[in-house]
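Q: Protein chains in written order, with the numbering used here: chain A, 777 to 869; chain B, 5 to 301.
It should be emphasised that the hints constitute simulated quantities derived from the structure, not laboratory data.
Please read these numbers as outputs of a predicted model, since none were measured by experiment.
Glycine residues also receive a C-beta, built at the ideal position from the N, C-alpha and C atoms.
There may be inaccurate statements among the hints.
Stated by the list, open to error - Chain B is faced by these chain A residues, among others (derived, beta-carbon under 8 Å):
(1) MET777
(2) ILE778
(3) ALA779
(4) HIS780
(5) TYR783
(6) LYS784
(7) PRO822
(8) TYR823
(9) ASP825
(10) ARG836
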Amino acid sequence: MIAHYGYKDAEGEFFITIDTDRCGRCEDKPCVAACPRGVFTVEEDPYGDTVVAVDDRRRRRLKYECAECKPAGDRPALPCVRACPWGAMTHSW
Amino acid sequence: MMMVPREEYWRWSEASWADPDKHWKDARVVTLGIDVGSVSSEAVVCLDGELYAFNTVRTAAGSVESARNAMKGVFERTGLRFDDIHYVVGTGYGRVNLPFAHKAITEIACHGRGANYMGGPSVRTILDMGGQDCKAIRVDERGKVTNFLMNDKCAAGTGRGMEVIADLLEVPIEELGPRSFDIDEEPPPVSDVCVVFAKSEAMARLKDGWSKNKVIAAYCRAMAERVAALLQRVGVEPDFFITGGISKNIGVVRRIEEIIGVKALPTPYDTQIAGALGAALFAHALYLKAQGKPQAA
Chain A
777 MIAHYGYKDA EGEFFITIDT DRCGRCEDKP CVAACPRGVF TVEEDPYGDT
827 VVAVDDRRRR RLKYECAECK PAGDRPALPC VRACPWGAMT HSW
Chain B
5 MMMVPREEYW RWSEASWADP DKHWKDARVV TLGIDVGSVS SEAVVCLDGE
55 LYAFNTVRTA AGSVESARNA MKGVFERTGL RFDDIHYVVG TGYGRVNLPF
105 AHKAITEIAC HGRGANYMGG PSVRTILDMG GQDCKAIRVD ERGKVTNFLM
155 NDKCAAGTGR GMEVIADLLE VPIEELGPRS FDIDEEPPPV SDVCVVFAKS
205 EAMARLKDGW SKNKVIAAYC RAMAERVAAL LQRVGVEPDF FITGGISKNI
255 GVVRRIEEII GVKALPTPYD TQIAGALGAA LFAHALYLKA QGKPQAA
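The shape of chain A in the complex, shown without the other chains (with noise of 0.2 Å):
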């Protein structure tokens, strides 16, 4: 399953996508410790697999989350797509 979280507004679009096909492979899911604004959180999906979501409480907000991971100028990999093994994760700005 391809999971978009986030949000369209008149700002831009700000979503994080997971493939949870592969993020179900993943045993550690060392993203959500790489997150430094605790986005991440593990949760079973209704089909059973354990997968990482973003947190209900910080959907609205991902452009402001995901601020300090996203300087303007030089931008290295984020922590959270860095620590996924599987390439799971994606972000759309």
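Since the structure of chain A is already known, use the hints to place chain B on it.
A: Only chain B this time, still in chain A's reference frame:
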């Protein structure tokens, strides 16, 4: 000073139904799905995995109260009691607060399952236009979600946005869709990014001399363009199915179809109950699984 009661144009009709050809006492498994949404709450009863009865009410102040109101209507209509139900699944915004549900399942998965039942296994793309959010969902032939997007940050393109416009224009909400076609030519859309901006823009257009119908058309067009943009992020593959209260607004539905170039699948069901129906179907599968009679959940 005497207060004159103001007509509430936004009020949509609550609905209740039970299949007269079925009786719950003949069923082996009776399941209940409850969808507590931000604007409406629905209770659906399935008998052996088939739709039997439903009740739709406006959401009250609390999730539990809303669920009880929805259940009460369906119980009164069918003679069922809560103790007759084998398994209950809750969904929607208020799902985590329902103490009497055996399990809570996301509305994304439930809408996928419900749309699969209503539209059949050929449904691949679902648009759910709810009270305060909008979801674009892709499913496989069993109704399992393969791709989804939910936008619940902004009320533009949702039922609440339509309610605001109905009140502003003093037009009953059920009339908005048909009246949006009673125009000479399609106007440009009002702001498609914010209900507040759209409302003030609609007022400005009225002052410019636009008819109410023209303003309604411009708002329906704006909603259609907004949700079509969300659909394009997940991709549209036929068959296409629309659920949620706005699916009853022909003015929005026809304009979405025009923009994406795909017709929505017609259905005899009330598509507002798709989430609760999916929850009741999940409940049936989960009950069988718990009884040692596995079925895909």
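Q: Compare the structure with the hints numbered earlier in the document and write down the numbers of the violated ones, lowest to highest.
A: 9
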